Amino acid sequence: MVLAVYGGLIVSLGWFLELPTLRLTLASTRTLFSIQLSLVGATIAAFLAILLAAPAAYALSRYRFRFREVIDTILEFPIIVSPAALGAILLIFFNNPLGEWIQDHAVRFVFTFAGVVLAQFITILGVAVRLLKTSFDEVPLELETVARSLGATPRRAFFTVALPLARRGLLAAFILSWAKALGEFGATIMVAGTMAMRTETLPIAIFMRLASADIEGTVALILVLVATGLAALSLSRWLLGKVAHA
Amino acid sequence: MLKVESLRAATGGFRLRDIDLKVGEGSCHAVLGPSGSGKSTLLNAILGLLPLQKGCILLRGVDITHQPIERRGLGYLPQRIGLFPHLTVLGNITYSARARGVPAEKYQPLLDKLVEATGIGELLSRFPDTLSGGERQRVALVRALASQPRLVLLDEPFTALNESLRRELWWLMRDLQSHYGLTVLLVTHNLEEAYFLADTISILIDGEIKQSGHKSEVYSHPATSAVARFLGINNLWDGTIIGQDDGALTVACPTIGVTARFPGTMNPPAAFSPVTVGILAEHVSLRDAAHPSKPSEHVLTGQIRLLDCNGRWLIQFHHDSSPLVLDLYAAQRTVDAFGLTDGQTGITIGLPPSALFWMPREE
Chain A
1 MVLAVYGGLI VSLGWFLELP TLRLTLASTR TLFSIQLSLV GATIAAFLAI LLAAPAAYAL
61 SRYRFRFREV IDTILEFPII VSPAALGAIL LIFFNNPLGE WIQDHAVRFV FTFAGVVLAQ
121 FITILGVAVR LLKTSFDEVP LELETVARSL GATPRRAFFT VALPLARRGL LAAFILSWAK
181 ALGEFGATIM VAGTMAMRTE TLPIAIFMRL ASADIEGTVA LILVLVATGL AALSLSRWLL
241 GKVAHA
Chain B
1 MLKVESLRAA TGGFRLRDID LKVGEGSCHA VLGPSGSGKS TLLNAILGLL PLQKGCILLR
61 GVDITHQPIE RRGLGYLPQR IGLFPHLTVL GNITYSARAR GVPAEKYQPL LDKLVEATGI
121 GELLSRFPDT LSGGERQRVA LVRALASQPR LVLLDEPFTA LNESLRRELW WLMRDLQSHY
181 GLTVLLVTHN LEEAYFLADT ISILIDGEIK QSGHKSEVYS HPATSAVARF LGINNLWDGT
241 IIGQDDGALT VACPTIGVTA RFPGTMNPPA AFSPVTVGIL AEHVSLRDAA HPSKPSEHVL
301 TGQIRLLDCN GRWLIQFHHD SSPLVLDLYA AQRTVDAFGL TDGQTGITIG LPPSALFWMP
361 REE
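Here the protein sequences line up with chains A and B, keeping their order.
First residue of the first sequence: 1, per the numbering used here; consecutive thereafter.
First residue of the second sequence: 1, per the numbering used here; consecutive thereafter.
Please note: incorrect hints may appear among the correct ones.
[To be verified] Listed next, the stretches of chain B that the computed footprint assigns to chain A, with coverage defined by at least 3 CB atoms under 8 Å from CB atoms of chain A:
#1 59-71
#2 79-86
#3 335-349
[Stated by the list, open to error] If you only want the chain B side, here are some residues facing chain A, beta carbon under 7 Å, derived:
#4 Leu74
#5 Tyr95
#6 Ser147
[Claimed, not checked] Chain A regions said to be covered by chain B (calculated; three or more residues, Cβ under 8 Å):
#7 143-149
#8 160-167
Hint data in this document are derived by calculation from the structure and do not stem from the laboratory.
All of these numbers come straight from a predicted model, not from anything done at the bench.
Glycine residues also receive a C-beta, built at the ideal position from the N, C-alpha and C atoms.
With the hints as extra help, turn the sequences into a complete structure.
This is the structure in structure tokens:
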């Protein structure tokens, strides 16, 4: 049933699919830039999210501390707040004195590639923490206790026991975060805008084509996005299988 | 030697209260207690996972109360063994040496001896998920001992094994303990395991050590009825102190109709204090014409209410003229000699008053 719903929607794109348009769209420099921008942006955002999420997820999984529940709820923030609202919050932040200082003295985010990455990063960070926490929860604490009784420092126990045992979940978290970043639209359009050949990710390119009533071009880009996403997820499944048997 | 002094610790709503414990160098001490008595909490406190509210832990004279786990010099064998599933057997047993940066030439001789003693030489390149339960236990033992711990902590590590494998590993553990002079603290609810492996035992109930001492002393003279019941002693009845003279105590137990004298009693309670009187099932004997009672024995007649074989025969005796129910044990040949059957009447038993023990009655 579920397959029929999604499969049917994808197949229905065929009504407006024109092969010459598809070829032309795929070969266009603008489309290739969007694909490249989306892939690179999503990869950097997912990498940064995992890097930042891992310690937070580990702490939430392993330690009982004051305000843990509150922190846990705050981490749900990007999940319950719409991406557009998140993007708006970011935009407002870069208009306050601290945000302006960051823009002027560190990295310029608004209407730049860095803004694309930041928008994607903020959107996926909560998901990454949630997924990684589940992975760490599945590693029995007892194993780290044993490692420490055998002379390992907490840091060594983490890197030699917890992290290798959570590697499958880590990879899954990276891939799912990456896929979510790849399809991110709301926050990206708020922070980075819709500048062709600068901040136009694939979802934004789809929006732009549809806004100019170019249905065939929209269909072609949707197919590119779906194909890229499916290829990445298939690759990830294959990798997860390899990790599981390693 | 491990010395735990006045230890207090809490986790959730549970508290350990003023725990005192001593484990002699090269000996094995078992902490026995029912589920929820605080055994794991005590182990976590000694391991360093649970901060103490009060008290201290000394290991070979060094205060380790505030030391991190990795510096305590402990070998820990948890209930679920805790082999690292992503490492081979070799990776597991050399983990400690790598973690402590010990060069191979220093740890290899001991490791070779342990591998040989436990027979895991063929398993070194295998991963834990390909090992049987017994093999995993052996690997975990080698891993814990290879770190040359000052104290080995065993948290019911043999519970999940079948009977024969468990016994095999008990023997192995006992051999390793005596060969390497290991100081071991075993935490278990299994009486048999504790009696087999330990020299001394402590009974932990409701977060308090109720009794400590040599295993035979604790078993034959339980300090409280809670300890006695935990040790599987069901022959307990109400009694009253009816006399005191020259350090000897006279206790009457109307339920079994016996008045017994207990000489050499230290700090006896006041006269007419309520006490609990008991006798071990092992000390009650079956009697008939061919096996007459001794003059000093108190004799009761009744019927067999239950005859159950669990390695040895447990006989539940029901007194004819009172509601008294009493447990006794018998070997197969005794059961055959007396021709015992379930529900049999006209059974005579003998209770030697000298085998009775008493303890202050708990409310």
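Exercise. Run the structure past the numbered hints and jot down the numbers of the failing ones, going up.
Key: Failing hint: just 3.
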